[in-house]
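Engineer: Listed below are the residues making up each chain.
2 protein chains.
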Amino acid sequence: MSSRTHVSSSARTQFLEVKGGERYAYRRFGSGPGLPLLLLQHFTGTLDNWDPALTDALAGERELILFDNAGIGHSSGPVPTTVAGMAKHAAAFLDGLGVGTCDVLGFSLGGMVAQHLVLDRPAIFRRLILAGTGPRGGEDIMHLEKPSLAKHLQDPANKGYRVLQKIFFTPTPSGQAAGAAFVERLIERKEDLDGVSGPAVANAQMAAFHDWERVTGERFAELRTIRHPTLVVNGVHDEMIPVVNSYHLVEHLPNAVLLTYPDAGHGSLFQYHDSFARHAAAFLSVSSESAVY
Amino acid sequence: MSSRTHVSSSARTQFLEVKGGERYAYRRFGSGPGLPLLLLQHFTGTLDNWDPALTDALAGERELILFDNAGIGHSSGPVPTTVAGMAKHAAAFLDGLGVGTCDVLGFSLGGMVAQHLVLDRPAIFRRLILAGTGPRGGEDIMHLEKPSLAKHLQDPANKGYRVLQKIFFTPTPSGQAAGAAFVERLIERKEDLDGVSGPAVANAQMAAFHDWERVTGERFAELRTIRHPTLVVNGVHDEMIPVVNSYHLVEHLPNAVLLTYPDAGHGSLFQYHDSFARHAAAFLSVSSESAVY
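If you read the sequences in order, they're chains Z and P.
In this text, residue positions in the first sequence follow the numbering used here: the first is 1197, and each later residue adds one.
In this text, residue positions in the second sequence follow the numbering used here: the first is 1197, and each later residue adds one.
Careful, some of the hints might be misleading.
Because identical chains share one entry, a pair is satisfied inside a single copy or across any pair of copies.
[To be verified] Derived pair list, reagent style SDA-like, types lysine to any residue, alpha-carbon separation capped at 25 Å: (1) Lys1362 - Gly1292; (2) Lys1342 - His1444; (3) Lys1347 - Arg1208; (4) Lys1347 - Glu1447; (5) Lys1215 - Ala1373; (6) Lys1215 - Val1482; (7) Lys1362 - Glu1447; (8) Lys1347 - Ser1481.
Since the hints were derived computationally from the structure, they do not count as laboratory data.
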């Protein structure tokens, strides 16, 4: 295991107010030769939901920018009910920050925002990492009413971050141990917290998922126009956005490598944070036009 | 690109005669801290069909053992018509050589032999790399009569190794350029050649593929008993053993990582030999029980 720098847990929340727009909360830390890496977060997740073990590792070689979309954490405004709306906010944020081109790590809902944004504004990203996510028109995306998920979400014993241990990780002893360790790392941060998302956030984001799941036009056709080098990562037992969605991504994106992890669910990048950070760094360090690393 | 050592092209063919059994042709070269790596070859492939760029790179950190199964190249005996029969020969060869435990890279048919052998003799392998292959009961395995393959196999212009450029690589300019480079590397070897497989080899091996494609018992159940760390690799556009077979492998093997390559077919490990050798070396260098690297 790598030694931790703990730079993530001490990074202060900053704010960027866009003229005529919203006031976005973000955290920016790390340094190195790489382009900045924008991190786009999962369903109901805030700045506090990034695993500090992962962000500490990534921040050793590049600047990270953790971003709260509109209405999330301390960002102002209503939560958009479409991925397109979220992508507009992410673009406004990067423009306001003066970041012309960066790399992006989009996890789950954040991976959908990254796909939408790169279609709108191809030059805004150089390389994409899409973890635990799926394409527009994907399958079985975020059906929280499924018994495999509902039993955890409706269990009153799963308070706070503990529900993530259940729904982001496999039920095996090794999966649950990794989930418990993840929760312990999330609660390392004691001050300058970003708050917890309520039902209004969840409802708006669920509307965005349902819209994203609809097939519009020729299925997956837009993926073929994204020529950016892309690394797709997933756990093979993801119950929230099943791994078949990652298969669709790499079969239709012309320049994408797939990495799947065993005994892992939606949170595979947190379960195997050492490995994921190593693969991400190797992928991001390539200067050619190929996704292959 | 890594600088080449050209150790592969100069490695001499050796022979091992098993008491009461066959006389097997093999090549053994390379050195380093790793366990020996047994290489199990594809349909009709001989010792000469391993990409020297790949084996040169792998041989820098470990000893490689390239093996001709019975009836292939200069190995004696009839070609088995089942994967089980091929696995018996591979076991007899390793036993005769005095190799108690090794790592294995099985490509295509060789990956099936590796799976069968590790089920028979779990202690014989430590770690498995399965490239361009599929599980017993897989889908669309080696249907050479498919138009996408038959048009190349029946084209008289595709003489010798040139057919491999067509069927192992994508039809894109980059895929075909990689295929042409692969063929150039194969013909680097000028002496001590292993010969070319004829129709008798092809017919026996096709029988083995057809038998392997049949579902016997509960589909994929035996995969769950292989707990060995496994790296599964494929091109997303493999026409010979489609990538869905790699998905089945990692969804049922309990301890397997999947890596897929873009713009690549059956020969993805040769197309991206630098990357593949790097990933293989990283995977093989892990000393824990986990496939994650």
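Engineer: Determine for every hint whether it applies to the structure shown.
Structural biologist: Results for each hint:
Taking CA atoms no more than 25 Å apart as the test, Lys1362 paired with Gly1292 passes in neither setting, with 37 Å inside one copy and 50 Å between copies. With identical chains, the CA atoms of Lys1342 and His1444 are at most 25 Å apart both within one copy (22 Å) and between copies (23 Å). With identical chains, the CA atoms of Lys1347 and Arg1208 are never at most 25 Å apart, being 36 Å at best within one copy and 62 Å at best between copies. For a Cα distance limit of 25 Å, the shortest separation of Lys1347 from Glu1447 across copies, 23 Å, qualifies, whereas the shortest one inside one copy, 33 Å, does not.
In this homomeric assembly, Lys1215 and Ala1373 never come within 25 Å of each other (Cα to Cα): the closest approach is 46 Å inside a single copy and 51 Å across copies. Taking the closest pair of Cα atoms, Lys1215 and Val1482 never come within 25 Å of each other, the shortest separation being 36 Å inside a single copy and 52 Å across copies. Proximity of Lys1362 to Glu1447 under the C-alpha cut-off of 25 Å is restricted to the inter-copy arrangement: shortest distance 20 Å between copies versus 30 Å within a copy. Proximity of Lys1347 and Ser1481 under a CA criterion of 25 Å is satisfied in neither setting, with 41 Å inside one chain copy and 40 Å between copies.
Against the hints set out earlier in the document, violations occur for numbers 1, 3, 5, 6, 8.
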